[in-house]
Amino acid sequence: MSDLGSPVPPDDTATVRPPAVPEKAPAPGAAPATASATTAAPALRIAGLRKAFGPKVAVDGLDLTVPLGSFYGLVGPNGAGKTTTLSMATGLLRPDAGTIEVLGTDVWSDPVRAKSLVGVLSDGVALFDRLTGEQLVTYHGLLNGMDRATTALRVGDLLDLLDLREAGGTLVVDYSAGMTKKVALACALVHAPRLLVLDEPFESVDPVSAANIRDILHGYVEGGGTVIVSSHSMDLVQRMCDHVAVVSSGRVLAAGTTDEVRAGSSLEDRFVELVGGRQHAQGPSWLRTS
Amino acid sequence: MVAHLLSLRWRVMLNGFRRSTWQLIAAIIGLLYGLGILALLVGGLFALSFAPETWAWTVGVLGGSVAVLGWVVVPLLLRGVDQTLAISKLRAFPLPADRLLVALLACGVLGVPGLVTLIAGVATGLSWWQHPLSLLTAVVCGVVGVLTCIAASRALESLTSSLGAHRRYREVMGVLVFVPLILAGPLIALAGTGLSSLRDDLPQIAGVLSFTPLGAVWSVPGDLALGRPGEAGAKALIALATLAVLLLLWRVGLRAALVASPGAAASGRSKGLGPFRWFPATPTGAVAARTAVYWLRDPRYGGSLVIVPLLPVLAVFLAATTGSDWLLYALGPGIAALLAVTLCADVSYDGTAFAAHLSTGVSGRADRAGRVITLSLFAVPVVVVATLVPLAVLGELAKAPALLGIGLGVMLTGFGVSSVASTRFLMPVPAAGESPFKSPQGASLTSALGMYAAWALSFAFALPEIALGLVALAQGSLLLGVVALVVGVLLGGALVVVGVVRGGRSLDQRGPELLARLRRASGS
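Protein chains in written order, with numbering that gives the first Met the number 0: chain R, 0 to 289; chain A, 0 to 523.
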């Protein structure tokens with residue numbers, strides 16, 4: 000099914016590959032105007048998504064199409080609805096309205112199949128942190144219905160890949176924040192998903208690990224997989240992602256390839272321009288010490 | 000700053016109630032209950048004024064000593080229960096240690112436990128209203144006593160804070176605290192029966208305690224009333240010296256804690272996959288293995304089990320002291336009934352980590368079955384042993400089938416019921432890593448309701464084998480007993496299957512809603 004099981008080369012060419020052959024799937028419905036419209040079903044298609052928590056509307060008619068094989072960045076200010084959207088896209092939170100399809104499979108009418116295609120790293124949920132790192136990744140593998148041998152092989156590979164081998168026997172509760180993110184990423188990868196949904200994967204990860212994770216993700220995309228990351232770091236998204244969507248107040252303000260969206264300026268400037276709310280003040284006078 | 004920290008502390012507590020109406024209601028009920036107890040206490044202290052002075056003095060010294068001891072011991076055991084004003088959180092602010100000490104002292108007095116102790120302490124004056132001088136000293140001594148309580152508790156806590164940084168220590172202590180709490184009831188009962196013989200000794204015990212830091216401060220008013228001004232003066236000195244030493248120790252500890260680096264707890268290592276090797280490599284097996292790790296490693300699970308080994312101790316103890324051995328017969332079914340509803344809290348214990356089950360799309364049935372399997376693996380043998388061993392010792396093995404039928408029947412039925420129940424309602428439980436003893440506000444009421452409902456249902460569904468077993472016991476019929484056993488195991492087993500299937504279906508349908516509620520419960 001995947002070559003995750005093959006021995007990992009010792010150098011940094013290590014890659015994680017999803018199943019490479021894209022299935023023939025019915026053509027997408029109304030494909031929004033993204034530059035790279037494909038004939039196969041997009042990796043993720045969200046249409047008219049809505050979710051309200053009481054009076055507060057978190058996601059307000061959001062449409063998003065993530066093309067197959069793209070490295071998609073989801074950026075937005077705090078409270079823009081990124082986490083809520085990703086939770087609904089991965090079957091963790093039931094939407095009030097709208098449809099979500101993963102590779103042509105409706106997430107909310109065939110959740111089991113959809114979930115088998117997706118690897119999830121959620122922000123703000125706990126892990127079973129009384130397990131050791133090795134146990135936790137094994138647990139996710141077995142929950143996905145993998146057999147013991149495959150699970151063991153992949154867990155070993157992932158621990159090596161993410162530099163967690165040494166900490167494999169330590170309880171996850173004793174991990175640092177960055178290690179916790181890495182082990183959560185291993186959990187998301189272990190069943191070789193076709194689509195990776197990563198909510199804030201780089202938060203509190205040290206630069207070296209972040210670079211390693213980026214390499215792994217790039218390799219995964221080159222192998223035909225699709226990655227969606229949400230992040231606060233415009234710089235990172237601009238360098239890393241080939242597509243980007245700017246989300247604010249539960250809507251998509253701009254979406255497309257990174258170059259299209261940033262339209263000549265830097266993504267950060269464009270983002271501030273789109274979202275607004277920038278204050279041109281030097282701060283209160285008492286804060287100026289000289 | 001004192002006022003600031005004080006308002007912060009109350010704000011945090013009140014905001015906790017605003018999260019749910021039920022929590023507020025439960026808190027109000029708890030408040031009324033507490034006020035009732037306090038009123039009884041104050042009334043009792045007033046009533047003592049009509050008794051001989053020695054009584055009031057003895058009660059004051061003993062009660063006061065227990066209060067001081069409690070203030071020292073309970074926080075040591077329940078470390079991390081009230082972290083609102085934890086030093087680790089205040090460390091970031093430029094606070095001088097001395098002012099912080101005063102502020103924390105004030106917050107201690109004006110917190111809930113502090114206020115209760117203060118009212119009770121000052122109310123000791125009521126015992127002495129016929130002796131104006133004692134009345135006045137009692138009020139002063141009450142205040143000094145409360146300050147001593149808080150200083151002692153805080154001093155010891157800050158001095159041992161390095162210990163508290165170790166997760167395992169906190170966990171073990173968190174479980175150990177259950178032991179005295181569970182034994183408290185029988186101990187008090189025992190003390191009650193033994194009290195009549197002990198009554199003559201109590202004044203002597205109080206006499207000794209009154210010269211120690213524990214009881215000195217509570218003894219002064221009584222000594223004055225009893226015409227022992229010399230002793231009163233000496234004890235007042237002891238009391239003040241105690242308070243001074245404690246404050247000094249606290250200050251040392253506080254200064255050290257304010258500059259200490261946030262303790263990185265040493266991590267325990269364990270090797271290999273453990274239970275993941277023992278169980279089959281299926282989703283069900285994985286859930287069972289994960290649950291097994293948690294039963295072994297998470298103190299919240301262990302905490303719910305600690306009563307099991309204590310029950311036999313109690314049964315043997317009661318049989319030996321009172322001569323009634325019915326508890327020995329009831330041991331197996333009793334433990335079975337206790338274990339029956341432990342699964343109710345399972346999803347709640349998972350917390351938001353339950354998202355892993357949801358995002359991997361594991362079937363609800365596998366989730367339910369895995370949890371039941373692990374629990375059964377030790378619960379069934381425990382119940383069988385707890386039933387058979389006492390009967391063998393009593394030479395009543397003929398009663399075994401009936402009692403086993405009742406015990407296993409109730410337990411299996413309970414597994415089935417709680418497999419469904421834990422997908423329908425969440426129990427407010429302490430989050431992973433918190434003290435297992437910490438019950439979130441409102442926990443007592445809502446969780447007790449859900450638990451009792453599950454319990455009642457379990458007994459209702461297990462009625463056939465219970466009735467058969469009881470008749471068999473009453474008539475001494477071995478045959479009926481065997482019938483009870485067969486019915487219990489078969490009916491119970493069938494109900495487990497029904498529970499797993501229905502609970503699994505319910506989990507498949509309501510998984511996202513359950514996760515949303517778990518998120519809310521965890522405050523994120």
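Source of the hints: derived by calculation from the structure; they are not laboratory data. Source: prediction; values computed, not measured. In this text, a Cβ means the ideal position worked out from N, Cα and C, and glycines have one as well. Some hints could be false.
Unchecked claim - Among chain R residues calculated to face chain A with C-beta under 7 Å, some are: (1) W107; (2) V124; (3) N143; (4) H217; (5) S247; (6) S248; (7) L252.
Unchecked claim - If you anchor each label on the Cβ, the simulated ranges turn out as follows: (8) A:L376 to R:R49: 29 to 35 Å; (9) R:G47 to A:V383: 37 to 43 Å; (10) A:P279 to R:R164: 44 to 50 Å; (11) A:P380 to R:G47: 54 to 60 Å; (12) R:W107 to A:A397: 54 to 60 Å; (13) A:R509 to R:A51: 45 to 51 Å; (14) A:V383 to R:A210: 39 to 45 Å.
Cross-check of the supplied hints:
no.: 1; hint: W107; verdict: violated (9 Å)
no.: 2; hint: V124; verdict: holds (4 Å)
no.: 3; hint: N143; verdict: holds (5 Å)
no.: 4; hint: H217; verdict: violated (23 Å)
no.: 5; hint: S247; verdict: violated (22 Å)
no.: 6; hint: S248; verdict: violated (21 Å)
no.: 7; hint: L252; verdict: violated (26 Å)
no.: 8; hint: A:L376 to R:R49: 29 to 35 Å; verdict: violated (46 Å)
no.: 9; hint: R:G47 to A:V383: 37 to 43 Å; verdict: violated (58 Å)
no.: 10; hint: A:P279 to R:R164: 44 to 50 Å; verdict: violated (26 Å)
no.: 11; hint: A:P380 to R:G47: 54 to 60 Å; verdict: holds (55 Å)
no.: 12; hint: R:W107 to A:A397: 54 to 60 Å; verdict: holds (58 Å)
no.: 13; hint: A:R509 to R:A51: 45 to 51 Å; verdict: violated (19 Å)
no.: 14; hint: A:V383 to R:A210: 39 to 45 Å; verdict: violated (57 Å)
Against the hints set out earlier in the document, violations occur for numbers 1, 4, 5, 6, 7, 8, 9, 10, 13 and 14.
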